[in-house]
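Which chain is which? The protein sequence lines are F and X, in order. Here our numbering is used: the first residue of the first sequence is 1, the next is one more, and so on. Here our numbering is used: the first residue of the second sequence is 1001, the next is one more, and so on.
It is worth saying that the hints were derived from the structure and are not from the lab. On a predicted model such as this, the values are computed, not experimentally measured, just so you know. Virtual Cβ for every residue (Gly too), placed ideally from N, Cα, C. Errors might be hidden in some of the hints.
So the derived label-pair ranges between C-beta atoms look like this [unchecked claim]:
1. Ser244/F <-> Thr1201/X: 53 to 59 Å
2. Ala245/F <-> Thr1195/X: 55 to 61 Å
3. Ala1205/X <-> Ala245/F: 52 to 58 Å
So, partial list: chain X residues that the calculated Cβ filter (under 7 Å) puts toward chain F [as the list claims (entries may be wrong)]:
4. Pro1057
5. Ser1108
6. Tyr1144
So you can see what is in the structure, the chains are spelled out below.
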Amino acid sequence: MSRAPAHRACTRRLAVAATVGLLCCGTSALRPTAVNAQPTQAQPTQAQPPRAQSAQPESTIPRGPHEDPSLDARDFRGIWQALPMRTKRAFRLDDPPLTPIADALVRSYEALGRAGRIVASARTTCRAGAVNATLIPFDTVTILQNDEALTVLFASPNLVRRLWLDAAHPENLEPSYTGHSVARWEGDTLVVDTIGTNGIAEIDAGGAGIPSSTGLHMVERITKSADGRELDLDITITDPVVLSAPLKLMRRWQWASGERWVEEDCAENPRFDTAATEFFPRELFRPICKRVAGQGDATSRVVCEGAGNESR
Amino acid sequence: VTVDLAARGTERSVRAVEPAARPRSMFRRSPRRALRAGCVLLAAAAIHAHAQRAPAPSIAGTWFPASPAEAMRTTSGAVPPLTVEGQALYDERVAARRAGDVSFDRASWCASPGLPRIMFMPYPLEIVVDPRRIAILSGWYRRYRVIDMSGERLEVVFPTSMGVSTGRWRGTRLVVETVGLSPETVLDSAGLPHTADMRLTEQFALKDADTLEVRFTVVDPVYYARPWESVMTYRRLAGQHVRDDVCLDRIKSGEPAVRLSGEPAARFE
Chain F
1 MSRAPAHRAC TRRLAVAATV GLLCCGTSAL RPTAVNAQPT QAQPTQAQPP
51 RAQSAQPEST IPRGPHEDPS LDARDFRGIW QALPMRTKRA FRLDDPPLTP
101 IADALVRSYE ALGRAGRIVA SARTTCRAGA VNATLIPFDT VTILQNDEAL
151 TVLFASPNLV RRLWLDAAHP ENLEPSYTGH SVARWEGDTL VVDTIGTNGI
201 AEIDAGGAGI PSSTGLHMVE RITKSADGRE LDLDITITDP VVLSAPLKLM
251 RRWQWASGER WVEEDCAENP RFDTAATEFF PRELFRPICK RVAGQGDATS
301 RVVCEGAGNE SR
Chain X
1001 VTVDLAARGT ERSVRAVEPA ARPRSMFRRS PRRALRAGCV LLAAAAIHAH
1051 AQRAPAPSIA GTWFPASPAE AMRTTSGAVP PLTVEGQALY DERVAARRAG
1101 DVSFDRASWC ASPGLPRIMF MPYPLEIVVD PRRIAILSGW YRRYRVIDMS
1151 GERLEVVFPT SMGVSTGRWR GTRLVVETVG LSPETVLDSA GLPHTADMRL
1201 TEQFALKDAD TLEVRFTVVD PVYYARPWES VMTYRRLAGQ HVRDDVCLDR
1251 IKSGEPAVRL SGEPAARFE
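Pulled out of the complex, with its shape left as it was, chain F reads as follows:
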C-alpha cells in the first residue's frame, strides 16, 4: 500500500491514528494517546463483523458520560463507534466488482503506489464523501434525530449527513460530496436512499481508492439490535460507471457509552518532504497552500496564495 498524501493536519484519537496514520499525514495535531488501536490484521471477513469486545483498556482518551441506549427500535440517537472493517488491506474493500475502466484506473494508482508515489484522494485531501465516511468511519458517529431527519455527525472524517425522513429527492439536485439522502421506515428498519454525489470522493478510503461517478446510488438498510446496542447496516451500492455489479456490504456500529465526540480538523498541510513523490489523480487535489518553515522560535505557517481571505 502506498503511503498517504501529506495534506492533513488532523486531530483525532491516536487510537485510531495508529491505523489511520498512513492516511493522515498531519504532523502537529494528532491526538496524544495510542492505547486501544483497532486491529487491522487477521480479521474476519467484511461480510459480517463480530460482536464487540467489552474489555476497555485504560487510556487518556477524552471520555464522555455514561449513556444507556434507547430500547426503541426506531430511536437511533446517541453515540456509536463503527467496528473495524475486516478487509485484506486497510481502508480498502475486498475484490469490488469493477468495470474495466474503473479496474484499469485503480490498477494504475496501485502501480504508482508500488513505485513509491503517494496517490492523493478526495478523502486524504479533506474532501471525504458520504459513502466512504459511512463505510469506514474512523472515530465516533453521533446521531441526533427528530421527526424531520436524522443528523449523523461523523467525527473522522469530519462530515455531516442528513437523512431526511419521508422526503423525496429534489428534482434539480446539485451534486455534492455528501449527496442527498432520504429515509423511510420499513417496519423497524430505516431504509436510506442516497443519490446526488459528485463523483469526486472515492467509495473506500485508500489513497488509490475505488472511484465513483455521479450515477452512484447507495441504499442502506439500518436495523437496531433488540438490546439497543448495535446498529447493523446492510448497504448496497450501484454505480453504472464504476461497478459492474451491485456492491453489497455489511457494517456494524456499536453503542459507545463513555465515548465522546472530538473534532477532527482537516486542512491542507503541504509538506516539503513528500511533495516530490505525490501524485494527484485530479488537479483539484493539488494544494495551493505552502508551508513556510518557522525560523528560531517562530512556528511554521501555512500560506494559501489566492485563498483571498477578505480580511485585509
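We have chain F; now place chain X onto it with these hints.
Only chain X this time, still in chain F's reference frame:
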C-alpha cells in the same frame, strides 16, 4: 451554496424536548379536581389542544448573523479590555493583516476557525436539539459543535478548536460553557487572541420567534484584564438547512476562505 431551500416538515419533536415547549396541563396533575370542574375542563382542554398545535418557538432551526463582524466588540461597542500582553499580540496580527499576511489565521487555509469566531462569521448556523446533546452545524466547511447536555463535567484532555462544551437549560434560555479551546485559533477575523485557559459562556435566548440572541462572555485573564461580554443577534432562515461546504474547493475556484460580510442569499440555491 450553503443552505438547502427545501423545507422538510415540522420540528415538533425537537421542540418537545425543550422545557418551555412542553404544554402544561393542571388536569394531568389533578384529574379528580378536573372532573369536578367540567366546564373548566372543557375550556382548559381546548387551550391545551391549541398549545399542542402551536408549540413555543424553539432555538432549533437555521440562523444567520444579523451583523457579521470582522472584529468582536463588547456590548458597549468598545475594543475588548486587552492586557498589555494581549494588546501586543493583537497589534502584531492587525499589522500582519494590513500587510496582506493572514497566515496567523488558520481559517485562511481552511482549518477550523474555532470558537466563538464561527458564531460571528457570515455563514448560516443550524441548531439541532436533542435531550442529550445539541449540535450546531455551520455552513462553513463542515464545521459543527456538539454540546453535551448530560449535566456532567467533561474533562479536557487537550485543547481543540471547538473545545469542550456543556449546556443546560435555564427556563427557555440555553447556557453553554466551553473550555479546552485551542489557542491556535483567534476570537475573530481581526485576530483577537486567547489562551487555552479561556472560558467562554454563551447564552442563547429567543427575542421573538425569528430572532435569536446569543450573549458571549469571555474570561481569559492572561490576555484580557477583566471578563467581557459581546452579543450577536441572528435571524431565522425558515425552511432552510445548512448544506455541505468544502472550503478547499472554494479557494481553488478563487473564492475567499472566509467571507467577512454578505447576505445569506448570496450563498443559497
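Now the hints, each set against the structure:
{"no.": "1", "hint": "Ser244/F <-> Thr1201/X: 53 to 59 Å", "verdict": "holds, 57 Å"}
{"no.": "2", "hint": "Ala245/F <-> Thr1195/X: 55 to 61 Å", "verdict": "holds, 56 Å"}
{"no.": "3", "hint": "Ala1205/X <-> Ala245/F: 52 to 58 Å", "verdict": "holds, 55 Å"}
{"no.": "4", "hint": "Pro1057", "verdict": "violated, 16 Å"}
{"no.": "5", "hint": "Ser1108", "verdict": "holds, 4 Å"}
{"no.": "6", "hint": "Tyr1144", "verdict": "holds, 6 Å"}
Comparing the model with each earlier hint shows a violation of hint 4 alone; every other hint is respected.
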